[in-house]
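Residues per chain are reported as follows:
Number of protein chains: 2
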Amino acid sequence: MKKYYAGLDLGGTFVKGGIVDEQGRIVIKDKIPTGRERPYGAIAADMAQLVKDLASRAGLQEGQVAGVGIGSPGLIDAEHGVIVYSNNIRWENVPLCGAVQERLGLPVCITNDANAAALGEHFCGAGKQFGSMVFITLGTGVGGGVILNGELFEGFRSAGGEIGHMVIERGGWDCTCGRKGCFEAYASATGLIRRTRESMVAHKESAMWKIAGSLENVDGKTAFDGMRAGDAAAKQVVDEYISYLAEGVINLVNIFRPEAIVLGGGVCAEGETLLAPLREKVSPWLFGGADYAPVAIVAASLGNDAGLCGAARLAMCRK
Amino acid sequence: MKKYYAGLDLGGTFVKGGIVDEQGRIVIKDKIPTGRERPYGAIAADMAQLVKDLASRAGLQEGQVAGVGIGSPGLIDAEHGVIVYSNNIRWENVPLCGAVQERLGLPVCITNDANAAALGEHFCGAGKQFGSMVFITLGTGVGGGVILNGELFEGFRSAGGEIGHMVIERGGWDCTCGRKGCFEAYASATGLIRRTRESMVAHKESAMWKIAGSLENVDGKTAFDGMRAGDAAAKQVVDEYISYLAEGVINLVNIFRPEAIVLGGGVCAEGETLLAPLREKVSPWLFGGADYAPVAIVAASLGNDAGLCGAARLAMCRK
Chain A
1 MKKYYAGLDL
11 GGTFVKGGIV
21 DEQGRIVIKD
31 KIPTGRERPY
41 GAIAADMAQL
51 VKDLASRAGL
61 QEGQVAGVGI
71 GSPGLIDAEH
81 GVIVYSNNIR
91 WENVPLCGAV
101 QERLGLPVCI
111 TNDANAAALG
121 EHFCGAGKQF
131 GSMVFITLGT
141 GVGGGVILNG
151 ELFEGFRSAG
161 GEIGHMVIER
171 GGWDCTCGRK
181 GCFEAYASAT
191 GLIRRTRESM
201 VAHKESAMWK
211 IAGSLENVDG
221 KTAFDGMRAG
231 DAAAKQVVDE
241 YISYLAEGVI
251 NLVNIFRPEA
261 IVLGGGVCAE
271 GETLLAPLRE
281 KVSPWLFGGA
291 DYAPVAIVAA
301 SLGNDAGLCG
311 AARLAMCRK
Chain B
1 MKKYYAGLDL
11 GGTFVKGGIV
21 DEQGRIVIKD
31 KIPTGRERPY
41 GAIAADMAQL
51 VKDLASRAGL
61 QEGQVAGVGI
71 GSPGLIDAEH
81 GVIVYSNNIR
91 WENVPLCGAV
101 QERLGLPVCI
111 TNDANAAALG
121 EHFCGAGKQF
131 GSMVFITLGT
141 GVGGGVILNG
151 ELFEGFRSAG
161 GEIGHMVIER
171 GGWDCTCGRK
181 GCFEAYASAT
191 GLIRRTRESM
201 VAHKESAMWK
211 IAGSLENVDG
221 KTAFDGMRAG
231 DAAAKQVVDE
241 YISYLAEGVI
251 NLVNIFRPEA
261 IVLGGGVCAE
271 GETLLAPLRE
281 KVSPWLFGGA
291 DYAPVAIVAA
301 SLGNDAGLCG
311 AARLAMCRK
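Chains as they are written, first to last, in the numbering used here: chain A, 1 to 319; chain B, 1 to 319.
So that you can see chain A by itself, here it is in the shape it has in the complex (with noise of 0.2 Å):
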């Protein structure tokens, strides 16, 4: 009897859920309202009902799934099962694992959702032919998931691999965290916004104007394309942003030495013209010299099926 996973992508509006098999294939996936003001019971029972759905859905029997992954925004006590606390479902100490566990009789396990995109793309995505990677997701922040000879590392308690915490420009632009200049404050889609809107109102007669329409309407793609319509300041504004990308890069490429580093994320939809740039300001810095130890700079794959396969993985992993 072939055996499945469930893996479960907890968010702040959508649970997404899907049945991953051995070779990391989603054989069924969907999304459910996660209700985040509801009791946390609620949303566990919602959670194992969605995998009880999807099992019955793919025409599985009884026990062919042999376990269940859930990741979760926040900090996360992976021994435990518990999530410590989240600010984006306002949970604290929330004993998850054994609420959907309870409900499901079968072992749940638990990592925060950047780890489990992280083990997604290494486990069927991106990251996939390489023993060690260090995902990194530009988003709303910086998140961060490290792979290192094929497991994924979280540090005592599960309280590492917060990549984005680290600080690149000591003083500088303030981050969620409280410290100043972090990586995640410049290298996420907010610190690049930031830093359009700075550029639009230092230049009035920028293309960027006409792009967003309005300061408010600026996103993670206002300069990109500002940059694509030949505008100087667009222009460099993609290329300061990308600069601190790599120097945060760099600094973990120094740290971790990865064979590959990849990147995940709103802002990675732009692609080659993203990573090409990214490569050469990243290329001539690595400690011992690139030629001695590559490093791989490639986009992520698997996009918002990330989480859940990385979700399965983990929960085959700990079988």
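Take these hints with a grain of salt, some might be off.
Any copy will do: because identical chains look the same in the list, a pair fits if it lies in one copy or spans two.
Said to hold, decoys possible - Distance condition first, Cα-Cα at most 30 Å in a straight line; then the derived DSS-like pairs of lysine-lysine:
no.	residue 1	residue 2
1	Lys-204	Lys-180
2	Lys-221	Lys-52
3	Lys-52	Lys-235
4	Lys-221	Lys-235
5	Lys-204	Lys-52
6	Lys-235	Lys-2
No wet-lab data here; the hints were simulated from the structure.
Knowing the structure of chain A, use the given hints to seat chain B on it.
The following block gives chain B in isolation, referenced to the frame of chain A:
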């Protein structure tokens, strides 16, 4: 028959060697001049002879030394036993392990000197009770060794763990690696000396002039001595130095979340004068809180023996 391991700590001036038992006790140790201007074969022969002499002086029988480990400066290809390059000994692609091994008929393994010291401190020094630790040497440069789940982490082709080459102040002080603003530029004894001299030039009245005698005579102790003498400029130098050190330490905690940060190198001789304010600056900024996953910040305890103990430990683990 009790087993022992030989550790060799290769430096630019001396090769230190020791025989270590499985409990981490050094049964005998000695040092010989490196003679680094000679061909590597001659140095390898001396290293092999040092192991033989130590074993014989310790009264060990043939076969009681089960393996040899080497800690060496430079970039090390641990898998192939090759020193890829070392500024210190001016070597490039030197297959040192093989050269020592063929003269001894014993398995020989190698890692870089900071890694060896980290292993030593973890095996029988200040890091003994911790499952994971980041070792940071504050010397001419900033070296590092990372122990995760009880094992040395070296990264792809052993080129990782270069924590000194993490930029913490973009565009800041020049680093020997070519980048600007690396942790090493600020947190090394060299960085402390630079900061001390700059302050002396700006404060002609400072007690540091009397303490050091001249700018040339400034060392890593000058500012600490000045602070103890009540000098305000010296106190500011120490404060700033520790603030930069803290910035890098917080980064490393957020990235690795080790159970301990172990500090070695010359500057550490200051003990609690350095450590107490460092803990105070680090503690509020640990991701997820210092209570949730506490990180001990302690001084290394093995001094100059860390390297040879760790080199012996490396041999023990690779047996």
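Hint check results:
1. Taking the closest pair of Cα atoms, Lys-204 and Lys-180 come within 30 Å of each other only inside a single copy of the chain (29 Å); across copies the shortest separation is 33 Å, beyond that limit.
2. Within a single copy, Lys-221 and Lys-52 get their C-alpha atoms no closer than 39 Å, and across copies no closer than 66 Å, so neither meets the 30 Å cut-off.
3. Taking identical chains as interchangeable, the C-alpha atoms of Lys-52 and Lys-235 are never at most 30 Å apart, the minima being 50 Å within one chain and 65 Å between chains.
4. In this homomeric assembly, Lys-221 and Lys-235 come within 30 Å of each other (Cα to Cα) only inside a single copy, at 12 Å, whereas the closest approach across copies is 48 Å.
5. Taking the shortest Cα distances, Lys-204 and Lys-52 never come within 30 Å of each other, neither inside one copy (56 Å) nor across copies (77 Å).
6. Neither within a single protomer nor between protomers do Lys-235 and Lys-2 lie at most 30 Å apart by alpha-carbon distance, with minima of 52 Å and 68 Å respectively.
Hint check: violations occur at hints 2, 3, 5 and 6; the rest are consistent with the structure.
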